[in-house]
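**Student:** Residues per chain, in single letters:
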Amino acid sequence: MTTTTDRPSLDDPRVQLDRDLGVFEPIPPYPTRTEREAEFYTLRDGEMLINMGPQHPSTHGVLRVVLKLDGEKVVDLDPVLGYLHRGVEKLCENADYHQAICYLDPLEYVSSLFCEWPGVMAFEKLMDVQVPRRAEYIRVLSGELNRIASHSLFLGWMALDLGGLTPILWSFIERDEIVDMLSALTGQRMLFNYFRIGGVNGDLNHEFLSRLGDWMSHATEQIESGQALLNENEIFVRRMRGLGTMDSATALRMVMTGPNLRATGVPFDVRRAHPYSVYPELDFDIPTRSEGDCLARYLLRMDEVKQSLRIIDQCLHEMPDGPVMAKLPRLLRPRPGRAYAGVEGPRGQYAAYVVSDGTDQPFRMRIHDPSFIHLQSVGVMVPDHLIADAMAVMASLDPIMGGVDK
Amino acid sequence: MDRAFKGRLEARFGERLLGPVRQRHDETEMRIAPGDVTQVLTALHDGPELRFEFLADLCGVDTGNDMQVVYHLWSETTSDWLRVIAEGLTRDDPRAPSATFLWKGAEWMEREAYDMFGIIFEGNRDLRRIYMPPDYQSFPLRKDFYLADDAARSPGGGVRPMERTHAPVDASVAALVRRSPGS
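Protein chains in written order, with my numbering: chain A, 202 to 607; chain B, 16 to 198.
Just chain A, same shape as in the assembly:
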């Protein structure tokens, strides 16, 4: 087995004795071990390394980025992950199929339903479970609500990272209304744990429906007035236009998905590209934009909110009657096999790959998270931008560190 035994360890006292080692020192205290690392940590004349995070307020969690600067210009950057690593995949492999679902929630804590969804879908595929149609409609309905909540939070954070303090107060109004609705439906405000193998945990209830009806009556108007604060703000628009541009070929090479890919002009949406649940029966558009800059990514998300409202409206009109759970044994032992499921979340493709060995625990549970993929592409987008713009580019990709670090 190839290990790193031949290299000095951080725990080796001899390594640490001959120099003052700061915890967040940007230069690695060990010999560089890859081509890329050697290239990054070699400084040319006039360049310097600056450490940002992991407690920096604009990194959306505990992201640490080592920036290589030339004056105020970012030459290169090296994200350092793992400050929030919990080993969710290993935990899922040591839990049974029902227990594993609750480990998926905290991955992306602002869009928890989309973290549960692919896991649950993959389990259902393994067990050949047919989900009742009412349950599928409820999943789509609650999922689209969650998407709007996530996108309105993005609007606030985006502006906050650029120094605008007002929009986050407005977007939290929206988000809180949806969160209260979902808490009436699921019993939890953020980590819903609502989807079950074979359906959902509970049927729609009166409180949820009355809150949803109230909100739908003014949602469009309220969302538009919130967006007008930024869409018509000349400072914001000028700052964002042409920032962090990416073309479609590079975006595909960086395996980006979701709004960040569609902002470059590729109309890839898992809901249409590989339909699941009841999305083939629903009527909605896939908005795309061709600019591929921060403004396009921002506007595209705002367009998606309108499509989500359309989907919610159709779900409420076409909601069938019937059970919300399939009949399943309490102890699930799927036959040995493999299943992959992907869904379109607010940030892109959330996916799960599950291998079963015939016991009641997943043998291998792989969780694919779009934030992880998108954060990687800041290394392509940010170089040659100013350090203040690096924040804006990072915010426009909307990464959530809970999902990045798993």
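Just so you know, these hints were derived from the structure itself, not from any lab. Treat the hints loosely; a few may be bogus.
As the list claims (entries may be wrong) - Partial selection, computed: residues in chain A whose CB lies under 7 Å from chain B:
(1) V456
(2) A552
(3) Q577
As the list claims (entries may be wrong) - Keeping only pairs whose Cα atoms sit at most 25 Å apart, straight-line, the calculated SDA-like set for lysine to any residue is:
(4) K291(A) with D81(B)
(5) K21(B) with D329(A)
(6) K119(B) with V467(A)
(7) K507(A) with A589(A)
(8) K291(A) with K21(B)
(9) K21(B) with A474(A)
(10) K119(B) with R454(A)
(11) K119(B) with A474(A)
(12) K119(B) with K507(A)
(13) K274(A) with R439(A)
(14) K119(B) with D51(B)
(15) K291(A) with D159(B)
(16) K119(B) with G443(A)
(17) K119(B) with R140(B)
We treat Cβ as the ideally placed atom computed from N, Cα and C, and that holds for glycine.
Could you slot chain B onto chain A? The hints should help.
**Tutor:** Using the frame of chain A, we list chain B on its own:
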């Protein structure tokens, strides 16, 4: 399930396939040797009738007997997800070619597979640990890596030997892990 797609794959990659192309639900699965990864992925990506330009996922799998690298691909030419399993990597020195020559974005997923399984991706420029600290020695998602407590074990799992934080060095690895689902 796209039956015609299975025929196209078998015609195109006939001699490289290990075992038959399997289909279930909306997934098509092919198994190849790790040495063929570069050619097969290139053919899938560039072939005019295949055009798999979209890498949906890349991950490592430890079956207990060997290691696998699993690629999930999407193309508009078929309604199925395509799963390419590069199987038969040895547990002692798992090596596979990198996919970064086609998808630069595979770099971090390969770093993760290296971090969690110790799979060496030849051609990846930045193969270092991504989640665990740089001086960490183990590979946590391997099947011989035991969790320190058994609180997560379910009663349905039956009686299992007590978990150990360190597997005995001389015991054969295959005896310690659960039955392999892959082979």
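**Student:** I'd like to know which numbered hints this structure contradicts. Please list them from smallest to largest.
**Tutor:** Hints 7, 8, 12 are the ones this structure does not satisfy, whereas the remaining hints hold.
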